[in-house]
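2 protein chains.
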Amino acid sequence: MSQRGLILINTGNGKGKTTAALGVAFRAIGQGLTVSVIQFFKGKWKTGEMEAARQLGLELTPMGKGFTWESKNLEEDKELMRRAWSVASEKILSGKYDLVILDELNYVLGYGYLSVDEVIRCLQSRPSHVHVVLTGRNAPDEIISIADCVTEMRDIKHPYRRGIAAQKGIDF
Amino acid sequence: MSQRGLILINTGNGKGKTTAALGVAFRAIGQGLTVSVIQFFKGKWKTGEMEAARQLGLELTPMGKGFTWESKNLEEDKELMRRAWSVASEKILSGKYDLVILDELNYVLGYGYLSVDEVIRCLQSRPSHVHVVLTGRNAPDEIISIADCVTEMRDIKHPYRRGIAAQKGIDF
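Keeping their order, the protein sequence lines are chains A and B. Per our numbering, the very first residue in the first sequence carries number 1; after that it's consecutive. Per our numbering, the very first residue in the second sequence carries number 1001; after that it's consecutive.
Mixed in with the good hints there might be a few duds.
[Said to hold, decoys possible] Here are the simulated distance ranges between beta carbons:
| # | chain 1 | residue 1 | chain 2 | residue 2 | range |
| --- | --- | --- | --- | --- | --- |
| 1 | A | A166 | B | C1122 | 21 to 27 Å |
| 2 | B | K1078 | A | R121 | 30 to 36 Å |
| 3 | B | G1095 | A | I164 | 19 to 25 Å |
| 4 | B | R1004 | A | P140 | 34 to 40 Å |
[As the list claims (entries may be wrong)] No more than 27 Å apart at the CA atoms, straight line, and that leaves these computed lysine-lysine pairs for DSS-like:
| # | chain 1 | residue 1 | chain 2 | residue 2 |
| --- | --- | --- | --- | --- |
| 5 | B | K1091 | A | K157 |
| 6 | B | K1091 | A | K168 |
| 7 | B | K1157 | A | K157 |
| 8 | A | K91 | B | K1168 |
| 9 | A | K91 | B | K1078 |
| 10 | A | K96 | B | K1091 |
| 11 | B | K1096 | A | K168 |
Honestly, the hints are just simulated from the structure, not real lab data. All residues carry an ideal CB built from backbone N, CA and C; glycine is no exception.
Okay, chain A solo, but in the shape it has when bound:
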């Protein structure tokens, strides 16, 4: 069987984009692959996955320190995202990881915080065994066009809209 690094995208407005990426990380670690997760949002990951990640020895890099949706300083946010991308691209290009998960990068790209061309150049020049998963809403068309596998998570029914509180262990 030929091993070949894939680019996978989980996008759409529904739940399961990050959790499906976590499930892939889980599977990959079980197969002995080395996995790194770069989190582009501050505080996006909660206690549950942080603790399970620790138990499984999954490398987590939270990069969005200080970056929040309430921020008024666009330039500062862009600089934070550029720094996060610099760390992420180095990991991708190093060849040290079999799987790199870029959590919420689609969203960051969709909002123009980073150059889509620069991200594509990095993905296309990565070592051939490296799998990359990009999650987040609004994946740009250019990224979709170079991906091997794209799944749209569509929100058919969502508990928050029905007045049900977020649940420990399920939502965080």
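Following the hints, complete the assembly by docking chain B onto the known chain A.
Only chain B this time, still in chain A's reference frame:
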């Protein structure tokens, strides 16, 4: 914050239905919840997730022994699914688990191997703290109507259609 057991459904023709459920299991275990996964298909889960599940202490019950798509014996398959459902429903109703994942149950229901009414009766009479996740294509409308959260995983682009082999640690 009110704790309340949710019914979550991952359906659709795309990737990520089972992996997103695995991600939820991962998060739940990290929060100290007790989780049980019932697998309705034989051999559906591969080395990767079996091994990670073992590392995390996730209870996995493979129930589809002998049930394959090549089977010619419909009655035998129905009997296997009835036995699997009997084990699953007991776990759900016992209240011992905070989260029960019924992997591929939608598919089984969609093909008429089990009574949708019976499954709904069990879900509706479960202890109130129990979360249940149902995965698989073709979730029946009656199940969707009682669910709290429904996500459709839509296949936008898939590597197999493009002649790329399944990849270790990503697909299995």
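Hint by hint, here is what the structure shows:
Range check, A166(A) to C1122(B): about 25 Å between beta-carbon atoms, so the 21 to 27 Å window is met. At roughly 54 Å, the beta carbons of K1078(B) and R121(A) sit outside the given window of 30 to 36 Å. In this structure the supplied range 19 to 25 Å holds for G1095(B) paired with I164(A), their Cβ-Cβ distance being about 20 Å. In this structure, R1004(B) and P140(A) meet the distance hint of 34 to 40 Å, their C-beta atoms being roughly 37 Å apart.
Taken as a hint, the K1091(B) and K157(A) pair is honoured in the structure, with Cα atoms around 26 Å apart against an allowance of 27 Å. For the proposed pair K1091(B) and K168(A), the alpha carbon gap of about 20 Å is at most 27 Å, so the pair holds. With a CA separation close to 24 Å, the supplied pair K1157(B) and K157(A) stays within the 27 Å bound. Straight-line distance between C-alpha atoms of K91(A) and K1168(B) comes to about 20 Å, which keeps the hinted pair within the 27 Å bound.
Restraint check for K91(A) and K1078(B): the C-alpha separation of about 49 Å exceeds 27 Å, so the hint is violated. Of the pairs offered as hints, the one joining K96(A) and K1091(B) is violated, with about 42 Å between alpha carbons and a cut-off of 27 Å exceeded. Distance check on the hinted pair: K1096(B) and K168(A) sit about 17 Å apart at the alpha-carbon level, within 27 Å; holds.
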